[in-house]
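Trainee: Each residue of the sequence shown is one higher than the one before, starting from 5 at the first, in my numbering.
The set of hints was computed from the structure by calculation and includes no laboratory data. Here a beta-carbon is modelled for each residue, glycine too, at the ideal position from N, C-alpha and C. Be aware that a few hints might be false.
Said to hold, decoys possible - Quick list of the computed label-pair ranges, beta carbon to beta carbon:
| id | residue 1 | residue 2 | range |
| --- | --- | --- | --- |
| 1 | Lys-16 | Ser-49 | 48 to 54 Å |
| 2 | Ile-14 | Leu-47 | 35 to 41 Å |
| 3 | Met-5 | Lys-39 | 38 to 44 Å |
| 4 | Glu-38 | Asn-17 | 28 to 34 Å |
| 5 | Asn-37 | Asp-7 | 41 to 47 Å |
| 6 | Met-18 | Lys-39 | 30 to 36 Å |
| 7 | Lys-31 | Ile-11 | 27 to 33 Å |
| 8 | Asn-46 | Ile-14 | 28 to 34 Å |
| 9 | Ile-29 | Lys-9 | 54 to 60 Å |
| 10 | Lys-42 | Asn-17 | 43 to 49 Å |
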Amino acid sequence: MKDEKLIMDILKNMDLKIDLNLDKISKSIENINEKLDKISYNLKSD
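I would like the entire structure built from these sequences, with the hints used as guidance.
Mentor: This is the structure we're talking about:
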């Protein structure tokens, strides 16, 4: 029983880490998109 709880705790922690990483990734993607938008805007205005 003790082992099961330990495993569940580990899995929960992994889930949290994965969520955090996904959040970071999506923020990075948003940043990249913003930069691309600026670049394409600049290219169009030239």
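Trainee: For Glu-38 and Asn-17, compare the CB-CB distance with the range 28 to 34 Å and indicate the outcome.
Mentor: Holds, since Glu-38 and Asn-17 (Cβ atoms, about 32 Å apart) stay within the stated range.
Trainee: Is the gap between the beta carbons of Lys-31 and Ile-11 within 27 to 33 Å?
Mentor: 31 Å, holds
Trainee: Is 41 to 47 Å respected by the C-beta to C-beta distance linking Asn-37 and Asp-7?
Mentor: The hint (41 to 47 Å, Cβ to Cβ) holds, given that Asn-37 and Asp-7 are roughly 45 Å apart.
Trainee: Quick check on a hinted range of 35 to 41 Å for Ile-14 and Leu-47, using CB atoms only.
Mentor: 49 Å, violated
Trainee: Okay, Met-18 versus Lys-39 on CB: inside 30 to 36 Å?
Mentor: Because 31 Å falls inside the window, the suggested range holds.
Trainee: Range hint 43 to 49 Å: satisfied by the CB atoms of Lys-42 and Asn-17?
Mentor: Since Lys-42 and Asn-17 have Cβ atoms about 38 Å apart, the given range 43 to 49 Å is violated.
Trainee: Taking 54 to 60 Å as the stated bounds, is the beta-carbon spacing between Ile-29 and Lys-9 within them?
Mentor: 30 Å, violated
Trainee: Honestly, do Met-5 and Lys-39 meet the 38 to 44 Å range at C-beta?
Mentor: 52 Å, violated
Trainee: Using the C-beta atoms of Asn-46 and Ile-14, is the stated range 28 to 34 Å upheld?
Mentor: Taking Cβ atoms as reference, Asn-46 and Ile-14 lie about 48 Å apart, which means the hint is violated.
Trainee: Is it true that the C-beta distance of Lys-16 to Ser-49 lies inside 48 to 54 Å, as the hint says?
Mentor: 50 Å, holds
Hint check: violations occur at hints 2, 3, 8, 9, 10; the rest are consistent with the structure.
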